[in-house]
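K.L.:
FYI, in UniProt numbering the residues of the sequence shown are 1 to 166.
What the hints contain is simulated information worked out from the structure, not anything from laboratory work.
Possibly wrong hints are sitting among the right ones.
Taking lysine-lysine and the DSBU-like style, the derived pairs with C-alpha atoms no more than 35 Å apart in a straight line are [unchecked claim]:
#, residue 1, residue 2
1, 133, 89
2, 118, 50
3, 147, 100
4, 89, 163
5, 89, 72
6, 140, 128
7, 163, 91
8, 50, 133
9, 89, 147
10, 89, 140
11, 72, 118
12, 50, 89
13, 163, 128
14, 163, 100
15, 163, 50
16, 140, 163
17, 133, 48
18, 48, 100
19, 50, 91
20, 118, 91
21, 147, 128
22, 140, 50
23, 100, 72
24, 147, 48
25, 142, 100
26, 50, 128
27, 133, 100
28, 147, 91
29, 50, 72
30, 89, 128
31, 48, 118
32, 48, 142
33, 142, 118
34, 118, 89
35, 140, 118
36, 133, 147
37, 163, 118
38, 72, 91
39, 128, 100
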Amino acid sequence: MIKPYKMKRSIKMNKEKNGISFEIKNIKPIRIVEKGNPNEEIKERPYKPKITEADVIRVINDYLQIQRNQGKLMFIRNNSGAMPITDGKNKRRYIRFGGKGSPDFFVFETLWLTQSMKAVEVIAIEAKSETGKLSTDQLKWKADFLKLGGVYYVVRCLEDLVKIIL
């Protein structure tokens with residue numbers, strides 16, 4: 001069996017009449033050679049790249065930025081994690097960004113309650129790959145956020161996000 005071609009993944013944004021779509025470009029086929037006669041015809045099938053959580057985050061960020069530029073919402077990209085820094089000669093410590101289990105995005109959307117009254121809805125969005133699962137810290141954060149009346153979604157693709165926002 002011949003190994004698949006190396007593929008460079010890139011996401012391209014296209015404007016359409018009804019909205020915005022994101023496409024993954026530069027998809028090359030895999031060449032499969034069956035065992036047996038080397039003169040047999042080579043079968044080719046398209047290579048479906050794995051979409052990582054970083055890809056999903058990038059697409060969500062781009063879409064939310066477009067919505068923000070149109071004045072429809074505001075959002076915060078919540079970078080969480082930790083990074084070591086060095087203080088002085090040999091002192092090393094970690095700085096934590098965001099809380100453990102906190103979502104990747106906070107979206108602020110206006111809700112009109114009556115013609116003259118409006119409120120702001122806070123939506124927490126956690127990006128995951130197709131097979132990604134929430135960690136125990138994320139499940140705890142989600143439960144606490146829902147108790148306070150927040151709205152929490154796990155988004156795995158752009159279509160999920162479009163259903164949620166606006």
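K.L.:
None of the hints should be skipped; say for each whether it holds.
P.N.:
Results for each hint:
no.	hint	verdict
1	133 / 89	violated, 40 Å
2	118 / 50	violated, 41 Å
3	147 / 100	holds, 18 Å
4	89 / 163	violated, 52 Å
5	89 / 72	violated, 49 Å
6	140 / 128	holds, 17 Å
7	163 / 91	violated, 48 Å
8	50 / 133	holds, 16 Å
9	89 / 147	violated, 46 Å
10	89 / 140	violated, 38 Å
11	72 / 118	holds, 14 Å
12	50 / 89	violated, 43 Å
13	163 / 128	holds, 16 Å
14	163 / 100	holds, 27 Å
15	163 / 50	holds, 23 Å
16	140 / 163	holds, 25 Å
17	133 / 48	holds, 21 Å
18	48 / 100	holds, 33 Å
19	50 / 91	violated, 40 Å
20	118 / 91	violated, 50 Å
21	147 / 128	holds, 22 Å
22	140 / 50	holds, 28 Å
23	100 / 72	holds, 29 Å
24	147 / 48	violated, 39 Å
25	142 / 100	holds, 11 Å
26	50 / 128	holds, 12 Å
27	133 / 100	holds, 15 Å
28	147 / 91	violated, 40 Å
29	50 / 72	holds, 31 Å
30	89 / 128	violated, 39 Å
31	48 / 118	violated, 44 Å
32	48 / 142	holds, 32 Å
33	142 / 118	holds, 25 Å
34	118 / 89	violated, 54 Å
35	140 / 118	holds, 30 Å
36	133 / 147	holds, 21 Å
37	163 / 118	holds, 22 Å
38	72 / 91	violated, 46 Å
39	128 / 100	holds, 16 Å
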